[in-house]
Amino acid sequence: MAENSPEKSGSITKKEARRIRMKTMSKAEISYLRRKEAAEKVFPIFRFVILFGLGFVILYPLIYMVSCTFRERSDMNDPTVMWIPRNFTLNVLKETLDAMGFPRTLVTTLLLNVGCALVQVVSCAVTGYGFARFKFRGQKLLFAVVIMMILVPPQVIALPLYSQFRNFGFGDFSVNLIDTPLTMYLPALMGNGIRAGLMILIFRQFFKGLPRELEDAAYIDGCGPFRTFVQVMVPNAAAAFLTVFLFSVVWYWNDYYVSATFFTDTRTISLMLRNLDTELKRRLFDTVSAEISPREQIVWKEAGCLISITPLLIMYIFLQKHFIEGIERSGIVG
Amino acid sequence: MNGRKKEKKPLRISYEKRKALYGYGFIGIWLVGTVIFFLVPLITSLVWSFCDVKIETGHTSLKWVGLANFEHSLTTDPKYTEYLKATLGETLWKAPLIVIFSLFIAVILNQKFRGRALARAIFFLPVIIATGPVYAIISGDISSTGNTGAAQFSTMFSTNMVGELLQFLGIYGISDDMGTMISAITDNIFGIVWSSGIQILLFLAALQTIPASAREAAQLEGATAWEYFWKITFPYVSPFILVNFIFTVIDSFTNPTNAVMKRILALRDDWQFGVISSMAWIYFGIILLGIGIVTVIANRLIYYETE
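Sequence lines, in order, name chains A and B.
Position 302 (the first sequence) corresponds to 1720 in the numbering used here; numbering is contiguous.
Position 35 (the second sequence) corresponds to 34 in the numbering used here; numbering is contiguous.
The set of hints was computed from the structure by calculation and includes no laboratory data.
Just so we're clear, the structure is a prediction, and the values are computed from it rather than from any experiment.
The beta carbon of each residue, even a glycine, is placed where N, CA and C say it ideally should be.
It is possible that some hints are incorrect.
[Claimed, not checked] Computed far set for chain B versus chain A, every beta-carbon distance over 10 Å:
| hint | residue |
| --- | --- |
| 1 | Ala-85 |
| 2 | Pro-125 |
| 3 | Ile-292 |
[As the list claims (entries may be wrong)] Restraint ranges, calculated between C-beta atoms of paired labels, are given here:
| hint | chain 1 | residue 1 | chain 2 | residue 2 | range |
| --- | --- | --- | --- | --- | --- |
| 4 | B | Ile-42 | A | Asp-1683 | 48 to 56 Å |
| 5 | B | Arg-17 | A | His-1740 | 46 to 54 Å |
| 6 | B | Thr-74 | A | Val-1525 | 46 to 54 Å |
For reference, chain B alone in the conformation it holds in the complex (with noise of 0.2 Å):
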């Protein structure tokens, strides 16, 4: 407190600099730690996968080999590359089908209907549990004893009940291809569900900022529900689909449960620390090409209301 009277009187320093410096002080303590447990082990991580790295007590010892390390996790070791195109291939569809399907539960989720407050708590479940141990057992036990609920569940649509519906509700022509996408998320309703938590709470959140004008207006026109969705809703959602896909991407990527992590921790066991800083950076290289192209492609479609 005294500090800071003595700083006014004078007025030496200029109001737009005084703040800056409280901004300084306001995230300093965030900027020491990140130099500390993010950027140098960063660093030291990318320094390790052209390195041969030996730990011996109290220090490591570094021997510099190139490239040597990736072409060791490329091309010689016995599994990387398969777990690496498996976990790539898996994300590549799932990730698209998690995002349509918390963007439709969103939308339900956002009308009024008596019990809604149920639904809500029930679809957030997965949020408190799917990232955990927890999840890995539950969803293992299921597949061996044999019924799954996914399956139960999945004969619901066997009839295609949902086209037909989706026709009576004046939605023609794209029953085909909802039809494969349908039966294509009720395969894998399980997986989806679980893993959709967080990406239908940003949704709905994202529902919230349409104002109700809009609405207003296209209920005056006259717009049935499908061409509100398309009109309204998906306008005003789409930042947040962009969102929500690298989201899902990040989250089933950095996932201990895949199987490039469980390579990746497997060969840790075996104090291989240049090939696994390798393995881990040749993975992460390509999220952040993914993620790029996918930004660079979806901010020419994405529709901002305020820029």
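Chain A with its partners taken away, still in its complex shape (with noise of 0.2 Å):
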């Protein structure tokens, strides 16, 4: 045994270094590690013919609407082409981009969506602290309440939603605030806009995660619960309050039941996708009742996908990083 110490190792190759530990290990050892050895090898291989296929399973609806933007309708019957146009051309972005409203429509969206999401994750978190940190009667139940909002499908209070909205008010004095923005602004303001449930799980979850200490010790230098809440929680929240932030935007930017339910005019990206179909008939072909072949129609409808997710993706891009680092990192889930 005295001559395998390691201690003599340094004079002699590293071949018979191993042969020499091989012959001291038992045989369900050498099997196991040579199993090992293999895996290790094969393994990666395995995972890259799983993350590539898998990969290009999500990326070739991107990568055809790419493709489809920027051909000219005709090209959708000539079977030579698959990815790359035969004739490239702008015209269909152009003329997808018009039937869309732009720019007015993506004012629109920023100001109505992207506002009442900004406007939720504030009064998510709020409420998220508050229940993260406060002990108070009924907690328990209003907590659940919390969840059942997660549970409940917004089809359920859709139509009291909008009978409410229709008439809003107490008694005699009333409002009528369909087709104006406050329909998406007031749930957003107070805690119950699109899966505020969730974002408030996940806010509470997060600040319960937070070290107490770090509250004590501004209660200690006199600091009220409020200001401890903007000056010390929210700097630590930080990667919390981005992925809620990127979650937020997302869902209303997506969302089309809710502005549908409550407005009959006003265009967001997702309704006007929605209606490309019927718009784009009118505008290039005179009337709605255009037949254009399902095929060609293709076309258009990619540059639509195309049109109403680029924003979404260049946000993305900028953001993935943090937002993946801060959900590893935050605990959100513990």
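Hey, can you piece these two chains together into the complex? The hints should help.
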């Protein structure tokens, strides 16, 4: 045994050292090591194949979108055109932008959806903090209400909400809020917008995970709870804020159910995309009932898709690094 | 600021009570909003489901009809039960698949390898797209043009490459079950990949909660990757399997593109508010019942580290 001691292995070659080590091991150990070595070599290939294949499934529609946007519609019937357009054109993009009412639609969407998303992040953060750090009567019951907010489909309460907004107020005094941005802003401001329950839950989990010492120090220095929240907790919660903000923007941006319920005329990007078909036919062919082959329609549809996700994609590209790190570190699930 | 200073000097309220008051202060604005925008509409809709609702200018008139609306939705309505069955069935088999798939991907994305950041960025892309109308269009378009990315991808699995690979890695005896499951996944790969973005994200965050000491211990004891998964990873993420399952179910149930929701939306244009409310409540009742049952069963199987 003394021969195999590590002090001596310095003078012999690596191969020999390895052979000597193998001798001292049992059969089971050797087979374990062999298998481990083989697995370590094969697994990266396996992983690459899986990730590449699935990544392709995800990216496929996006690549297809770009490819369709810049081709003429006759290319759709050309079997030789798969990815690269034969007749490159910007007309489809221009027509679609026109039909969707850019840039006015973009401004409306930014004001309405992104504005609401911002407001909602703040209101949900405040509420989540209240649930995470303070004990008060009825807390469990109220938190059960938050869970209910997650569980109840928005479709269940959409109609009563509509009639409520139609005659908003008490007794004889009531105003019609339908078609005003208030139908989106009021719930967002009060922590009841799109998927607000989920956001409150995320914030609560996050604030629970932060150390209590942070606040205690602030309290001892004579800081009130609201100032503590703004000056001590919020800077520490940057990761959670970023994550929830991204979700919030995405959910508001993509929403068409709620906006379609409360607006008859407001044009957000999602709503315009839903109505793109009729709008295009009206503009390009002067009649809503124009017959175009469904295959050819795809170019405009895909262009519309590309236009409506581009702002989100740009935001995602800039934020994704922080966003993923934030989720890993923030302990949102713990 | 002034008010609080006055409060502090006499100290008539105990510290706990004061903190409770602050608590109400923090949730106050949400509480008011919830009563107005959530609880009242929720109760209204429940009342409506038992009533004949007529919307007139300025007010709604209600006439109590008992269970007639529910009876109408379940027996008379030509499409509702059919759609309900279809939606339920689809959720029932898709939700477990999505959860299993996203756990698998999360475990892979949690390993260290070159290009991991890029892979993660790609796999989270569905999070920003899949909730919107864009997804409805691209999933429709792809089936109408006939060349799905999924079909091309699934040929990779037709040689049972995965099964053999698993066996090679020291995972025996599950190849057959895994094979059927994998083929179910590959047949629907597009829908599954595109609806598991948030689930992957949650699992990935859950994987961070596994302490390094547990991993080291397993390595020293010579655990294979397979054993490591079942003995270490799985217990730690099991609470999140439940969370993800519930999330998946809710996500697919509340999706405005599913058949029941479309039916409800179509009837809304006919102003049949009572019937719609009853449909929505039947639907919601089923979700609640399903989630309740799953939670009760799962809570017996789940491993919680702290409690």
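key: Hints violated by the structure (numbers, ascending)   = 2, 4, 5
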